[in-house]
Structure formats: C-alpha cells, structure tokens
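Each chain, written out:
2 protein chains.
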Amino acid sequence: MSEFIPPLEVLIEQFNRLPGIGRKSAQRLAFSIVESSEEDVVKFAESLVNAKRNIHYCPVCFNFSEQGECDICRSSTRDRSVICVVEDVKVLLAIERARGNTKYNGLYHVLHGAISPIDGIGPEQLKIKELLERLNDDSIREIIIATNPTVEGEATAMYLSKLLKPIGIKITRLAYGLPAGGDLEYTDDVTINYALEGRREM
Amino acid sequence: MSEFIPPLEVLIEQFNRLPGIGRKSAQRLAFSIVESSEEDVVKFAESLVNAKRNIHYCPVCFNFSEQGECDICRSSTRDRSVICVVEDVKVLLAIERARGNTKYNGLYHVLHGAISPIDGIGPEQLKIKELLERLNDDSIREIIIATNPTVEGEATAMYLSKLLKPIGIKITRLAYGLPAGGDLEYTDDVTINYALEGRREM
Numbered sequence: 013m014s015e016f017i018p019p020l021e022v023l024i025e026q027f028n029r030l031p032g033i034g035r036k037s038a039q040r041l042a043f044s045i046v047e048s049s050e051e052d053v054v055k056f057a058e059s060l061v062n063a064k065r066n067i068h069y070c071p072v073c074f075n076f077s078e079q080g081e082c083d084i085c086r087s088s089t090r091d092r093s094v095i096c097v098v099e100d101v102k103v104l105l106a107i108e109r110a111r112g113n114t115k116y117n118g119l120y121h122v123l124h125g126a127i128s129p130i131d132g133i134g135p136e137q138l139k140i141k142e143l144l145e146r147l148n149d150d151s152i153r154e155i156i157i158a159t160n161p162t163v164e165g166e167a168t169a170m171y172l173s174k175l176l177k178p179i180g181i182k183i184t185r186l187a188y189g190l191p192a193g194g195d196l197e198y199t200d201d202v203t204i205n206y207a208l209e210g211r212r213e214m
Numbered sequence: 013m014s015e016f017i018p019p020l021e022v023l024i025e026q027f028n029r030l031p032g033i034g035r036k037s038a039q040r041l042a043f044s045i046v047e048s049s050e051e052d053v054v055k056f057a058e059s060l061v062n063a064k065r066n067i068h069y070c071p072v073c074f075n076f077s078e079q080g081e082c083d084i085c086r087s088s089t090r091d092r093s094v095i096c097v098v099e100d101v102k103v104l105l106a107i108e109r110a111r112g113n114t115k116y117n118g119l120y121h122v123l124h125g126a127i128s129p130i131d132g133i134g135p136e137q138l139k140i141k142e143l144l145e146r147l148n149d150d151s152i153r154e155i156i157i158a159t160n161p162t163v164e165g166e167a168t169a170m171y172l173s174k175l176l177k178p179i180g181i182k183i184t185r186l187a188y189g190l191p192a193g194g195d196l197e198y199t200d201d202v203t204i205n206y207a208l209e210g211r212r213e214m
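Protein chains in written order, with the working numbering: chain A, 13 to 214; chain B, 13 to 214.
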C-alpha cells in the first residue's frame, strides 16, 4: 500500500484521520505541506499544539474558553435567567452568529454530544449533571432546548424535558418547520408534517 | 470577523491556507483538533514538521527523497535510457501506480511546474537546465514528455520539444484520445478531435 516514502506516508495518514478528509485529499494536503516553506509548516504545527493546549472548557457552560469562565458567562450584559442547551460549541457559535437578527441574549450550556445508545453515549457522558447544578440558582426562569433535529437530538431533548420538568422551570424547544428560503416541493415529509402541526393563525 | 477565541481563530486561518480547504472546512478541522487528545495533536504536529524536514528532492530527477538520490534513480533494475518528464511528483506517482499495467520502467524528471506566463512561471523557474545536464550522458535514447493536457502543459511540451530536438534524442509525447471507460456522448470536442487525429488502423 505504501507507495510513498515514510515521512510522507505518515503525514498522509495523519491528514486522513481528520474528519471529512479522505485518502486522496490527505495526499493533496500532505504534498502541499512538503511544498510549503519550513517556516510556514512550523507555524502550522505550532498553531495546532497551541490551540489544543490553550483552549479549555468554561467550567460553567462548557463553551471554549482560554482561561476560567468563557466570555459569555462573564459578560454583564447577558440575561442570566435563560439557558440555551446545545449539543456542541459549533451550535453555540451558530446561534451567536444569528444574534444580529435575533433577540437571544441569554446564556448557554454545551452538552458535548447527544444521547446515542448505538454509539454508547448515555446521559452520563454528557454535561447534564452540570446543567442540573446550574439550576440550583433560583434566577433561572427558562431552559431552551436547542439540540439538533435528529434522532439523537430528539432523544436528548426528550430526556432533558422529563428530567427538568419536575424542577418547575419553563422548558422550551426550538420551533420545527420550513427553513427560510426553502422550497416546499423539495421539502422532506417529516419537515412538512412539522410545519403543518406547528401552523399558526395569521 | 473573529467570532472565535484567538488560538482557535489562528488554527482556523492555518487550515484555511491549505489547498481546497475553505473557511467552513477549516472550522470543522480546527474543532476536531480541539476535541482530539493532546497526544494525537502533538503527533500530527510532529508529522508535519518531520515531513517538511526529512523530505528532500532527488538531486538527479527532483522526485521526493529522504536522502540523496531517490529510490528510482538508485534502482539497478530501471531502464536508464528513457526519461519521462513530468510536471510534479504527483504525476510521477500516478505513472508508477499504473506500472502494474504498463511496461514503463525508465527514469523520471520532475519539472516542478509548467510554463505559465500569467503566473509568472517561465522555463527558468522549472528544472529544465537540470534536465539538459542529464542529457550529457550518451546513454539516454528517449525523452517521453508527460506534461498535463492543459494549456500550460502543452506550452511546456512545445518548449521542451523545440529545445531538445536539436540534441538528436528521440522525443515523444503521451497519446491523446478517449479515456478508458469514457462515453463519447459526454466527451469534450477537443478530446474527440484528438481521438480522430490520432486514429489507428485496426
């Protein structure tokens, strides 16, 4: 299999391990590294190790943070009575990006995954215990569950809602329906049914 | 623009500089790094620097080599009377991979590019001088020009053929025509014309 000299083969294998990078792309990337200047390659290598070593998780919401609590948890302008629960930091960032168009100004809680028995991920692998601890604070009025509209996300939302309802806090879920700019002709059945169920009077 | 904490933003920018990796893919890759173990990230970083530091160019043919001449130039079973001229190491490897089905057993010469005035690449930026030096060796009978079937590859082939013909060595060019498994209905005009021009009696 190894048609490449060892240092190149090793690098290709490393690129190949990244998500979404196949063998062919890994080769292309490895070649580009060999053809870059040593200075650039060292800079890239350092940025990898730096990111890994200097990015920690916020001890409150588990967002990325360089040190201690994250910027959102530390912010004095945030509404501390609402927590939006998301599967991962990517979703948190997507909601933050959309903030220009929305009114969401609350806090977050990153679960770092979703319940998925097939992958052996149960509630105990997620940051759910930590979420419950945050609810000891009486100031929290509402939990918005913003897990993904997937089987795993649904399962997680159900689990959380059952777990949190008895505490007596308002639990909400993001609306399901047609995506903006979507075309009904090409919308899947599940989404159409969601849109029908969730229809609102005009 | 920077919605990420600095070490993450730096890493995203670094990934974004790789060929074929857009901003969105770069984010995905950077996140996967943060979520990997420190051990794995350090291994990846080392393989980058290692590849860059330990892969050199063969002083004869400019293929990749760990030390001194490359395996092909050093091989005692290779036909040293034929040199196949290619644009880059990727093409050399593609021809080597095809060797199971072909009879090519000669040497190579990697130009490291093709003539492209738009990009400011002239013959002097390519390893053409070095190719001429190799031809001082009387044992070379044939030069196979295997530049890509692109404008730049064609220009390079033309230039080389004009340069090398006076030396009196046989100069050949890879055949143009229909690719194996291709469908004439979807073949471009240029290829169809090449295939017609190059038709052979059955």
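What the hints contain is simulated information worked out from the structure, not anything from laboratory work.
All residues carry an ideal CB built from backbone N, CA and C; glycine is no exception.
A few of these clues could be false.
Claimed, not checked - What the simulated footprint calls covered on chain B by chain A, stretch by stretch (three residues with Cβ under 8 Å from a Cβ of chain A suffice, anywhere in the stretch; the number is not a length):
1) 38 to 44
2) 101 to 111
3) 125 to 134
4) 185 to 196
Unchecked claim - Heads up, simulated DMTMM-like pairs for lysine to aspartate or glutamate below, C-alpha to C-alpha not over 20 Å straight-line:
5) A:K102 <-> B:E21
6) B:K139 <-> B:E154
7) B:K36 <-> A:D100
8) B:K102 <-> A:E99
9) A:K36 <-> B:E21
10) B:K177 <-> B:D150
11) B:K55 <-> A:E108
12) A:K55 <-> B:E50
13) B:K139 <-> A:E47
14) B:K55 <-> A:E25
15) A:K102 <-> A:E197
16) A:K36 <-> B:E108
17) B:K102 <-> A:E47
18) A:K55 <-> B:E25
19) A:K36 <-> B:E99
20) B:K55 <-> A:E213
21) A:K102 <-> B:D150
22) A:K102 <-> B:E15
23) A:K115 <-> B:E25
24) B:K36 <-> A:E145
25) B:K36 <-> A:E50
26) B:K55 <-> A:D100
27) B:K115 <-> A:E15
28) A:K36 <-> A:E50
29) A:K55 <-> B:D52
30) A:K141 <-> A:E108
31) A:K55 <-> B:E154
Hint by hint, here is what the structure shows:
1. Counting residues of the segment 38 to 44 of chain B whose CB lies closer than 8 Å to any CB of chain A gives 6, which reaches the minimum of 3, so the coverage claim holds.
2. Counting residues of the segment 101 to 111 of chain B whose C-beta sits closer than 8 Å to any C-beta of chain A gives 5, which meets the bar of three, so the coverage hint holds.
3. Judged by the Cβ-Cβ criterion of 8 Å, the segment 125 to 134 of chain B is not covered by chain A as claimed, because only 0 of its residues qualify and three are needed.
4. Given as covered by chain A, the segment 185 to 196 of chain B fails the check, having 0 residues with a CB less than 8 Å from a CB of that chain where 3 are the minimum.
5. Taking the CA atoms of A:K102 and B:E21, the gap is about 13 Å. The hint holds against a cut of 20 Å.
6. In summary, the hint linking B:K139 to B:E154 is supported, as the alpha carbons are separated by about 18 Å, within the 20 Å threshold.
7. Of the supplied pair hints, the one linking B:K36 and A:D100 holds, its CA atoms being roughly 16 Å apart against a limit of 20 Å.
8. This hinted pair does not check out: B:K102 and A:E99 have alpha carbons roughly 41 Å apart, beyond 20 Å.
9. Proximity of A:K36 to B:E21 is assessed by CA-CA distance (about 26 Å); at most 20 Å being required, the pair is judged violated.
10. Our distance criterion of 20 Å between C-alpha atoms is met by B:K177 and B:D150, whose separation comes to about 15 Å.
11. Distance check on the hinted pair: B:K55 and A:E108 sit about 33 Å apart at the alpha-carbon level, beyond 20 Å; violated.
12. A distance of roughly 17 Å separates the Cα atoms of A:K55 and B:E50; the hinted pair therefore holds under the 20 Å criterion.
13. For a cut-off of 20 Å, the pair hint linking B:K139 to A:E47 stands: about 15 Å separates their Cα positions.
14. Using a Cα cut-off of 20 Å, the hinted pair B:K55 and A:E25 holds, with the two alpha carbons roughly 11 Å apart.
15. Restraint check: the Cα-Cα separation between A:K102 and A:E197 comes to about 30 Å, which exceeds 20 Å; the hinted pair is violated.
16. At roughly 16 Å between alpha-carbon atoms, A:K36 and B:E108 fall within 20 Å of each other, so this suggested pair holds.
17. Taken as a hint, the B:K102 and A:E47 pair is honoured in the structure, with Cα atoms around 12 Å apart against an allowance of 20 Å.
18. Between A:K55 and B:E25 the CA atoms are separated by roughly 11 Å; this keeps the pair inside 20 Å, and the hint holds.
19. Only pairs whose Cα atoms come within 20 Å are accepted, and A:K36 paired with B:E99 is accepted, the gap being roughly 19 Å.
20. At most 20 Å may separate the alpha-carbon atoms for a hinted pair to count; B:K55 and A:E213 exceed this at roughly 58 Å.
21. Only pairs whose Cα atoms come within 20 Å are accepted, and A:K102 paired with B:D150 is rejected, the gap being roughly 63 Å.
22. A hinted pair counts as satisfied when its Cα atoms are at most 20 Å apart, and A:K102 with B:E15 qualifies at roughly 11 Å.
23. With a CA separation close to 30 Å, the supplied pair A:K115 and B:E25 exceeds the 20 Å bound.
24. For the suggested pair B:K36 and A:E145, the alpha carbons sit about 34 Å apart, so the restraint of at most 20 Å is broken.
25. With a CA separation close to 26 Å, the supplied pair B:K36 and A:E50 exceeds the 20 Å bound.
26. A distance of roughly 25 Å separates the Cα atoms of B:K55 and A:D100; the hinted pair therefore is violated under the 20 Å criterion.
27. As the CA atoms of B:K115 and A:E15 are separated by approximately 18 Å, the hinted pair is consistent with the 20 Å bound.
28. The straight-line distance between the Cα atoms of A:K36 and A:E50 is roughly 23 Å, outside the 20 Å bound, and the hint therefore fails.
29. Simply put, A:K55 and B:D52 have alpha-carbon atoms about 18 Å apart, close enough for the 20 Å limit, and the pair holds.
30. Using a Cα cut-off of 20 Å, the hinted pair A:K141 and A:E108 is violated, with the two alpha carbons roughly 24 Å apart.
31. About 44 Å separates the Cα atoms of A:K55 and B:E154, which puts this hinted pair outside 20 Å; it is violated.
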